[in-house]
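Visitor: So the sequences go chain by chain: A and B.
Read in numbering that gives the first Met the number 0, the first sequence has 188 at position 189, and its numbers run on one by one without any break.
Read in numbering that gives the first Met the number 0, the second sequence has 109 at position 110, and its numbers run on one by one without any break.
Accuracy of the hints is not assured; some may be wrong.
What the hints assert, rightly or not - If we take Cβ atoms under 10 angstroms as the criterion, some of the chain A residues that face chain B in the derived model are:
| # | residue |
| --- | --- |
| 1 | T1 |
| 2 | W14 |
| 3 | Q23 |
| 4 | D25 |
| 5 | P27 |
| 6 | G34 |
| 7 | A36 |
| 8 | A38 |
| 9 | N47 |
| 10 | S49 |
| 11 | G71 |
| 12 | I174 |
| 13 | W181 |
Claimed, not checked - Stretch by stretch, here's where chain A covers chain B in the computed footprint (C-beta under 8 angstroms, at least three residues):
| # | region |
| --- | --- |
| 14 | 166 to 176 |
| 15 | 191 to 200 |
| 16 | 221 to 232 |
Treat the hints as calculated values from the structure; they're not laboratory data.
Using N, Cα and C, we set each Cβ at its ideal position, and we do this for glycine too.
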Amino acid sequence: MTTRICIIRHGETDWNVTKRIQGQTDIPLNETGHGQALAMAFNAAHYNFSAIYSSDLSRAYETAQKVAARCGLDVRSTPTLRERHYGIFQGITAAEGAVRHPVAYANYMARDLEYDFDTGESLNHFAGRVTEAIESLNRHHSGQTIAAISHAGVLDVVYRRATKRPLHTPRDFVIPNCALNWFRFDGQGWHLEAWDDHHHLAKVLMESAE
Amino acid sequence: MREARRRLVLIRHGNSEWNLSSRFTGWADIPLAEHGLAQAATAGRRLAAEGLVFDEVHTSVLQRTHQTADSLLAAACQAAIPHYSNWRLNERHYGQLQGLNKQEIFAIWGEQRSHRWWRGYTDAPPPLALSDPRHPRFDSLYAELDPKLLPCSESLSDCQRRMLPYWHGVLAPRVAAMLSLLVVSHGNTLRSLVMYLEKIAPDAIEKVEIPSGVPLVYRFNEDLELVGQEWLG
Numbered sequence: 000m001t002t003r004i005c006i007i008r009h010g011e012t013d014w015n016v017t018k019r020i021q022g023q024t025d026i027p028l029n030e031t032g033h034g035q036a037l038a039m040a041f042n043a044a045h046y047n048f049s050a051i052y053s054s055d056l057s058r059a060y061e062t063a064q065k066v067a068a069r070c071g072l073d074v075r076s077t078p079t080l081r082e083r084h085y086g087i088f089q090g091i092t093a094a095e096g097a098v099r100h101p102v103a104y105a106n107y108m109a110r111d112l113e114y115d116f117d118t119g120e121s122l123n124h125f126a127g128r129v130t131e132a133i134e135s136l137n138r139h140h141s142g143q144t145i146a147a148i149s150h151a152g153v154l155d156v157v158y159r160r161a162t163k164r165p166l167h168t169p170r171d172f173v174i175p176n177c178a179l180n181w182f183r184f185d186g187q188g189w190h191l192e193a194w195d196d197h198h199h200l201a202k203v204l205m206e207s208a209e
Numbered sequence: 000m001r002e003a004r005r006r007l008v009l010i011r012h013g014n015s016e017w018n019l020s021s022r023f024t025g026w027a028d029i030p031l032a033e034h035g036l037a038q039a040a041t042a043g044r045r046l047a048a049e050g051l052v053f054d055e056v057h058t059s060v061l062q063r064t065h066q067t068a069d070s071l072l073a074a075a076c077q078a079a080i081p082h083y084s085n086w087r088l089n090e091r092h093y094g095q096l097q098g099l100n101k102q103e104i105f106a107i108w109g110e111q112r113s114h115r116w117w118r119g120y121t122d123a124p125p126p127l128a129l130s131d132p133r134h135p136r137f138d139s140l141y142a143e144l145d146p147k148l149l150p151c152s153e154s155l156s157d158c159q160r161r162m163l164p165y166w167h168g169v170l171a172p173r174v175a176a177m178l179s180l181l182v183v184s185h186g187n188t189l190r191s192l193v194m195y196l197e198k199i200a201p202d203a204i205e206k207v208e209i210p211s212g213v214p215l216v217y218r219f220n221e222d223l224e225l226v227g228q229e230w231l232g
């Protein structure tokens, strides 16, 4: 039974713009973010999602509501799809972290799997939480197509698992706001079907176009 | 369905021959391909199955919207309704890009600039010269119009500016009067209308896609605010 999950990163926030690390700090969408979410929802409404899940953080939930309104569904909100908790790094920029917490910064840059930012989640713990959340969606919606609105960290984990990349290597891919990223689950494992589907959709719908 | 009477159905015309060969069409009057006629008929059957009945159809002056309207309405068994055709619902004018395909355009102007022209909101492609035989002032379709209105090239914002008077002056009052309208228009013209009705910001509009031949149903309240939207895909 093939299950498809479209995982979408929330729209832009003011902290994204100033590069402040949010983690589980609850920052709402800014005006650009609302626009991105509207445009994405307009396109996403073509897919017949059976359900729409969201992280319970405002930036994801507000994004999800726009898709749900389009699809005539309710948002199912869950803390299991939250961003990683970044402990003492929440609320500061990486540059500030480098000055204030040099040891933590070194672990952060090295993507140390066990480091938890004192009060946050280690990469290993976080990846475990995300894997469990995705597997649970997969079990509950076997054979269906669903959407999950979440965060860059969550997409990072799912992307690496689907493409068999290790967790600790530097990230060599971008995770744009409000792009449609498609994953397939078929009993053989996790597969990446399309990343940043704006281009794919644009190709299908518009290449021939104008 | 009485409460749903403040309604507008938008549809982008089916594929034309130039669409299929990736040529920029703009105001060039290219007929639908066979496949485009079939797309329109499918949409017509879908609308009929949903019980949607139209009082009027509004199209651009370009034949690909007329053919789409005819094929759609015939399939929906509603061929006899009044048809209004207006240049303000035309596709965005693509200036010198018209008739060229992407490879040719990239070769002349470069990829980055070209992308801004066709995805962005404010940049217009290089204009046609007034003496260019492709200029709309030489086209009998526009003989009745004040030549000053005719574009040599349009940004999405220009296209929106000349389209909106048709919304405010013609479409909106009819929707308010509970006439059920079908509007058959073009990719960019519909993007600019969607942008206006859904209050989508200029930097977000470049991500909005209007597929060919898929009806988009809008419902409005008495203040003509959007209260519902649905793709009939």
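Visitor: Which of the stated hints cannot be reconciled with the structure, identified by number in ascending sequence?
Guide: Numbers 1, 2, 3, 4, 5, 10, 12, 13, 14, in rising order.
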